[in-house]
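Q: Take a look at the letters that make up each chain.
There are 6 protein chains.
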Amino acid sequence: MEIPSGVLAFLRRALEEDIGPGDITTDLLIPAEHTSRAHYLAKSDFVLAGIPFVKEVFRLLDPSLSFRSFFKEGESIQKGDIIAEVSGKTSGILTGERVSLNLLQRLSGISTLTRIYRDRIQGCAARIVDTRKTTPGLRFMEKYAVKTGGGSNHRFGLFDGVLIKDNHIGAAGGIREAVFLAKKAHHLMKIEIEVQTVQELQEAIEAGADIVMLDNMSVAEMKVSVTTAHGRVLLEASGGVTLENVRAIAETGVDFISVGALTHSAPAVDISLKIRDKV
Amino acid sequence: MEIPSGVLAFLRRALEEDIGPGDITTDLLIPAEHTSRAHYLAKSDFVLAGIPFVKEVFRLLDPSLSFRSFFKEGESIQKGDIIAEVSGKTSGILTGERVSLNLLQRLSGISTLTRIYRDRIQGCAARIVDTRKTTPGLRFMEKYAVKTGGGSNHRFGLFDGVLIKDNHIGAAGGIREAVFLAKKAHHLMKIEIEVQTVQELQEAIEAGADIVMLDNMSVAEMKVSVTTAHGRVLLEASGGVTLENVRAIAETGVDFISVGALTHSAPAVDISLKIRDKV
Amino acid sequence: MEIPSGVLAFLRRALEEDIGPGDITTDLLIPAEHTSRAHYLAKSDFVLAGIPFVKEVFRLLDPSLSFRSFFKEGESIQKGDIIAEVSGKTSGILTGERVSLNLLQRLSGISTLTRIYRDRIQGCAARIVDTRKTTPGLRFMEKYAVKTGGGSNHRFGLFDGVLIKDNHIGAAGGIREAVFLAKKAHHLMKIEIEVQTVQELQEAIEAGADIVMLDNMSVAEMKVSVTTAHGRVLLEASGGVTLENVRAIAETGVDFISVGALTHSAPAVDISLKIRDKV
Amino acid sequence: MEIPSGVLAFLRRALEEDIGPGDITTDLLIPAEHTSRAHYLAKSDFVLAGIPFVKEVFRLLDPSLSFRSFFKEGESIQKGDIIAEVSGKTSGILTGERVSLNLLQRLSGISTLTRIYRDRIQGCAARIVDTRKTTPGLRFMEKYAVKTGGGSNHRFGLFDGVLIKDNHIGAAGGIREAVFLAKKAHHLMKIEIEVQTVQELQEAIEAGADIVMLDNMSVAEMKVSVTTAHGRVLLEASGGVTLENVRAIAETGVDFISVGALTHSAPAVDISLKIRDKV
Amino acid sequence: MEIPSGVLAFLRRALEEDIGPGDITTDLLIPAEHTSRAHYLAKSDFVLAGIPFVKEVFRLLDPSLSFRSFFKEGESIQKGDIIAEVSGKTSGILTGERVSLNLLQRLSGISTLTRIYRDRIQGCAARIVDTRKTTPGLRFMEKYAVKTGGGSNHRFGLFDGVLIKDNHIGAAGGIREAVFLAKKAHHLMKIEIEVQTVQELQEAIEAGADIVMLDNMSVAEMKVSVTTAHGRVLLEASGGVTLENVRAIAETGVDFISVGALTHSAPAVDISLKIRDKV
Amino acid sequence: MEIPSGVLAFLRRALEEDIGPGDITTDLLIPAEHTSRAHYLAKSDFVLAGIPFVKEVFRLLDPSLSFRSFFKEGESIQKGDIIAEVSGKTSGILTGERVSLNLLQRLSGISTLTRIYRDRIQGCAARIVDTRKTTPGLRFMEKYAVKTGGGSNHRFGLFDGVLIKDNHIGAAGGIREAVFLAKKAHHLMKIEIEVQTVQELQEAIEAGADIVMLDNMSVAEMKVSVTTAHGRVLLEASGGVTLENVRAIAETGVDFISVGALTHSAPAVDISLKIRDKV
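So the protein sequences, as listed, match chains R, S, A, B, Y and H.
Note that the first sequence covers residues 0 to 278 in numbering that gives the first Met the number 0.
Note that the second sequence covers residues 0 to 278 in numbering that gives the first Met the number 0.
Note that the third sequence covers residues 0 to 278 in numbering that gives the first Met the number 0.
Note that the fourth sequence covers residues 0 to 278 in numbering that gives the first Met the number 0.
Note that the fifth sequence covers residues 0 to 278 in numbering that gives the first Met the number 0.
Note that the sixth sequence covers residues 0 to 278 in numbering that gives the first Met the number 0.
Misleading hints may appear alongside valid ones.
Note: identical chains are not told apart, hence a pair may lie in one copy or across any two.
[What the hints assert, rightly or not] Calculated lysine-lysine pairs in the BS3-like style (CA-CA distance at most 30 Å, straight line):
1. 42 <-> 54
2. 54 <-> 164
3. 164 <-> 273
4. 71 <-> 42
5. 78 <-> 182
The set of hints was computed from the structure by calculation and includes no laboratory data.
Please read these numbers as outputs of a predicted model, since none were measured by experiment.
Extracted from the complex, chain R is given alone in its bound form (with noise of 0.2 Å):
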C-alpha cells in the first residue's frame, strides 16, 4: 500500500493541529539536543492496525528520527506487548506523541471490532464490509483498518461504485427504469440497488441488477432472498447487524454483511508510549 498524497497532507494537518505555533513545554523544557528511545506498550489486547502512518507522522515531524515496528500489521496484541519503537531526539517524540496514539489507538480499535465479527461468522461464505459511515477525513485510514482486520472494502465514496437507493428509483420512475438507466451509463461498472422486499429484488434481478442490497430485512427474509437470488446477483445485508445477530444472517447465505459500526463506533485500544533511557 502507497499512502495517497491526500493522506500525507491530511497527517500534517493533524500534526499542525495538536502542535500550532509549538509545543510550548517541550521546546522550553527539553534540551535541542537531548535524545531518547520510546516504546509503544499494549495496554489491553487488540489487533494492530495504522504503523504506517505513525511511521509517517514521525517522518513528517522530523526525519531524523528512527522508526520501527515489532509486529506486523493485522497481528493480534497481547497486553503488555511492546508494539514499537521510536528513537532519536526527545522533543520531536514528545511533540508526536499525542497525534501517534490517537491514530494508532483509534485504528487499531477498528481493526480489533473488525477481526472479532469476522470471528463471530467463522465458517461462512458471507464477508463483513465496511461502509461510508467513517469519520470525516479519515476515511482512507479506516477502510484500510478494515482491511486489517480481515474485512473487506466497499466503495470508497460516491464516485467509485453505482449504489441505487430508494430515492434514485422514486425519482427515476422505478427499479427497472433506475437500473436500466445506471448499466447504459455505467456499463464499465457494477450496479447495486437497495431493496426493502423480496418482490422488489425479483425485480432488481430482472433489471438486471449485479449486487442487491438487503436494507433492514428480518433474517428470515433474508433466507427467502438468498433462495430466490438463487445465484443469479450478490446479496449484501445491510442495517441492524450486531455481534448478536452476525452469525444468523451469514448462515442465511448472504455474500456481504455491511457493518457501519466497525468506523462509527468502534472503542480506540490502550496504547502508552514510554519513553526510554537517553540514546
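Using the hints, position chains S, A, B, Y and H against chain R.
A: Coordinates of chains S, A, B, Y and H only, in the frame set by chain R:
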C-alpha cells in the same frame, strides 16, 4: 461560536473525500431540478451536538439549500424526534447526506457520553474535562461537543497551555526546576504539572505550580492529595476514569476529572435522513 | 452535473496563472466603472462543450458579472453563431477572456472530435469511449467533453476500476491467477483485463473476467474475438483506432472502442470574444 | 531552468487526479518488493521536450526510483529510439506511467510543431513566438516546450508585459492616449500595442510604442507596415498564421510571428512505456 | 485595482494566524446578537493606504458586516479624523480589529514615507520608485501603498523584469555580453543593468541597455552619468538614498531614485478602533 | 525551537512571491553548473535574529546549498562582521538572496530594538513584552525575534490567552461580571483584564483577576496601582511606551511593559550579500 476557517476547510475536504469527481448515482438518476424536503430523524435517545457544522456542510455544498434545526445544541433528543430539516435540490441533499450524518452522529455521541459522566457526579464541585485524545483533524468540533454535553475543555493543543509531564521533569532536573523555568518563561499562563505521588504534589505546590494533575492515583491517594493541597493549587484527576469510579473520584474533592474516552471511544448515536415529499 | 470542488480550485489557479499580481494593461487603461457586453463568436463549425466551466470562471473572477449561453451543451454550432454573452465590468471581462476561451476552445475541440468518431460508426452497437490519456489536471472537464460529444467514459483514474495489464498478469503469474485475485479482492467491481490474442481472451473468459480489452488486434482478430466471446464478456477494442478504421472495428461487433486521440490530440476550435457596446 | 514551486504543486495534483485513493489494480497484483526497468519508446519521429518534468513526477511519487534520459531536450527523436529509462519498484513505475506519458507526449507535441514552424522560415530574421492560448494550468511547461522547439516566448501572463488591445484603446480614447498612459505608468517595460491598419501603425509609432502587433493583416499590408516602421518599432504578425503562409509572412521582414496553434492544437506524439526485466 | 486571489488567501491566513481555534475572550463575553458601530480614528497625521484590504478582511470574516471609508486612498489624514466605519456584529468587529489595524497602520506608514520622499523632490523630473525590499508575503500590498503615496513601482519580482547585476555580468563575461544575451532572449522586455562607474555606464549604453542602475554612486558621479547618457538610456539612482540627499540626487537629472526604506523601514502610523454605540 | 509547518509554508510562498514563474535574469545568465560562496555582511551594528529561517529558505529553494552561521542568535553584530555563509549553485544563491535578506534585516531590526528597550530598564524587575501588533503572517517569526532580543512574549493570538478589554467589560455588565465569567469558563488559564483607573484595578483584584493591564496610565497612576495591587496581581503597563519613558515606567514596579513598536515600527538593519569566489 464562530466556526474557524480551519474547520470550514476541513468540512470542504470531507465533502471532497466522499464526492471526489462526482456522485455518479445521483448525477445520473436525480434530475437537476428535482427538489425535496428531508428530515433528520432520531433513532435513539441522545444529547444533540453538531448542528452548526451540518448547516455549514450544506452551505458549502449548495448555498441554495435551506437548513433549519428544531432543537438547540445540548438539548436532550428522544428516539423518534425530528431533529432538523434540509430542503432544496434533491441532488444536493443526497450528496451531502452521508458527511452530515457522520458528523452529527459522532458529535452527538460525544456530547451524550459527556452528559452521562456529568450527571453521574451531580452535586459534586468537580468538572468533567476533555483531553487531547481526539480524532486527528476534528479537535475543534469534538471539544465543542464536550462543552455542549456539559463538560469543560482542557488546553486545545500543545501551544495554549503548559503541562509538564514526567519526561519534562526528568530533563529539567526535577519538579522544582521545571516549574521554576516554566513560571519564568510563561508568566502569563498557569503552570500545570503531572505528579504520581503525594510527595511530588507537595513539591509541586512549593515550587509554585498552579494546577497539579494526579496521574493514575487511587481514590485514597486522591483524598490525601486534596487534604495536602488545601486549596493552594487546582487538582486534576487523570487516568483510568470510568463511569463506575467517576463519582468516587469526584467526591474526593478534586477540581477536574479528565476523561479521554469522551472523545476517543464515544459510540455514534443513531440518526437517519428521510427524504419527504417534493417541495 | 455538479462541478466538483477540485475543478473549482483548478479554475481559480488557472486565473491566477494568467493574472498573477494583476492585469497591468487593463488595470491601467480600463476605468473601474466601465461596463460592456461581450459575445463569444464561433469562427468555425463545432460541437459546443464547456459553458458551465466558463460560467464558473467569471463567477470566480467577479460575481457581479452576468453570463448566459444561447446554446445547450452538445449542440452543433455554425460558424458565425453567437454562442454566449457575458456582461458587466469591462475589466472583469477582459481579465477572464483568455482563460475562458482557452477552456471553451479545448473542450469544444474534444466534443467535436468525439462527435465525428461517433457519427462515423452510426448504426453500430459499439460505443466510443475515452482513455486516461487526458491533459494532466483537466481530466474531469475533458471526460465531460467526451460525454457531451456523445462518447462514453472509461474509468476516471486508477482508483475506480480494475484494469489488469500485461505487467500485472506477469507479476500475478498468469491471466487466470490475476483475474482470480482481482475478483476476490474487488467483488463489488467489474474486472477488466487486457489481452493480445484470442487464446488469451479464451483464458480470460474462463477465469471469469467481466470485460476484455483487445489490445492492438487487427480487425480480423477482433472478429474472431467477438465470435469467441459470444456475449460472455464485454469487449473493448483499443490501440491504433483512427477515423479511417473505426467503422470497420465497430462492425466486428465489439462493445467499446477506446480512442486516446479524443483527449490528447483534438485541435482547439476557433472562438473569439467581441466586446460590444457599453451596458 | 529551475522548476517553479507552482509547477511542482501542479505535478503533485496531476498524480492525485490519476491515483486518488490508490491504484487498486497495482496495489493488488504487484508485490511491494517487485522491481523493474522500464523504457520510454518513441513510436514516431519528434522533438523531445518534458524530460525534467517527467523526472520530477517520479521523484514526487517515489524518491527511490531512478530516472535517466538518453537524449537532450530539443533533440530530434526517431521512431524506435529508447528515450529514457526509469527503474526501481514496479508499483511506482506503473502508477506514474500515465501521468508521465501524458506530459511527455503533449510537450513533445508542442516542441515538434514549433520546430516545424521554425524550420519553415529558415533563413528569415523573424522569430516564432507563442501566445497565452495555452492549456489552463500548464502554461509554464508549454512555454518551455515552445522554447525547446526553437521558438521564443511572448509575455507569460497579464502581469509581465503591457499589451494594449482595441478595447483598451477605445477606453483610453485613442492609440496616442493609451500609449502615453502606459509609458508613464510602466516606464520600466516595453509597451506593445495592437493595430489593424497601417494608419494605426503610424499613430502607434508616433505615440512612442516599442512593439506593434499587426492584427490579422494580409501579407501585402505587412510589407507596407515593415516599410512604414523602418526599424523604429518591433513588429509582430498575429492572427491566421499557418504552415502554409508562415514563410511568406516571415519574408515581409516582421520581427515576430505569433502562433496560437503551437500550444492549443499540437497533436500529442506517440510514446509508450515498456517494462523490461526485473532489476 | 482588483485584489489578486493570492492576496485574498494571504488575508485569510492572517486572520487564521490571529484567531486560530477561536477568540476565546470574545466568544465568551460578547453575546452573538450584540451589534456595534466602530470608528477607525487617526491618532497622528498620515497618508491613507490600505482601505480596500481592510474592507476585504471584514468581508472574509463575516460578510454581514458593513464597512465604509470616509476618505479616499492617498488622501492626507489629520490627527483626530474618523477614517472609516465598520458596523454589525460586535464579535466580528472585535475579532477582526487587530488584523485590520496591523495592515492599515503598516500600509499607511509606507504611503506616508513615500509621500515625504516625493514631496522632497518636488519640481524635479525624477520619480521615487520602490524595490524588492518588501516584507515577505506583503509585496503586492506594499507596492500598492508606494503607488498610493505617489511613488512608482519597480519590477514586481524576479519574473517580470530583467535586471543584470554584477554577478550576472561576471558569469556572462562582461557588460556587453550580458546585455547582448538578454536582449536576444527577452526581446519583448526592457533590459536594465547595474553599473558602478561611468566607464561601465558607457559600455552598457553601447551594448544597447534600456535602463542603467547607478549603484551607490556619489552625486558628482551621477551628474557625469547623466551627461554621459544624454538621454540614450533611462538612469536609476540606487543605494544610500536618504531624505537628506534625495533632492540633490534628483537634481542631477536621473530618471528614477529607488528607495528600499519605503518598504523595509517605514514606521507604522497610529490608528485606533473605537467601538461606539450599539446599532 | 522547531519551525512550525505554518512558517515553512509561509517561507515557501515568500519564495513564490519573488520568483513566480522564474528568475529570468539568472536563468539566462548564470550557467546551471556555476557555483559560488556568498557572505552575509553587516553594514551596521545590530542584534542578530532570523538565521534559522534563512537557513530554511535556502533548504526549500535547493537542498544542495550549504548554509552556516558564524554567530549565534541574539549575539551583538558589529558593522563589518561576516555573519553567515551560503555556498553551492550560484543560481540558487542569487534567487534566494532577496527573500533571505528581507527576513534577516527585518527580524534583526526587531531584536535590536527589543535589546535597546531591555537595556534601557536594566536593573529593574519589569520585563519588556510584545503585543499582537505584528506584521500579518509573520507573527511567529517576529515574536521569536522579540525573545531573541531579550524581551518576553505576550499571548500569541486571540486563542491562547484571555484578555478582557473595555468592550468585553461593557457587554458583560462590569469588571466583576466579566472576570467571574472568564474564571469559570477558562479555569486553566490566567485571566487578564484591562483597566483605565486605580478604582477599576481595585475592582479587578477583588474579582479575582490574575493580571491587570494598566491602559495608558500616567507614571504617577502606575505608582499608585503598584501600591494598590501589593503583589496580589501581575501588572502590565501598556500604551504610549517610548524609549524616553520606559525606564520611569519600569521603576514604578510594574511587572510587564508591552511595546507595540517592537514589531510594528522597528527599522530594518543593513545587511548585504556578497558573492565571493567560485567554489
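Q: For every hint, state whether the structure bears it out.
A: Consistency of the hints with the structure:
1. 42 <-> 54: So residue 42 and residue 54 pass the 30 Å test inside one copy only (20 Å; across, 40 Å).
2. 54 <-> 164: between (40 Å within a copy, 24 Å between copies)
3. 164 <-> 273: between (49 Å within a copy, 12 Å between copies)
4. 71 <-> 42: Classified as within: same-chain Cα gap 18 Å, cross-chain 39 Å, threshold 30 Å.
5. 78 <-> 182: neither (51 Å within a copy, 37 Å between copies)
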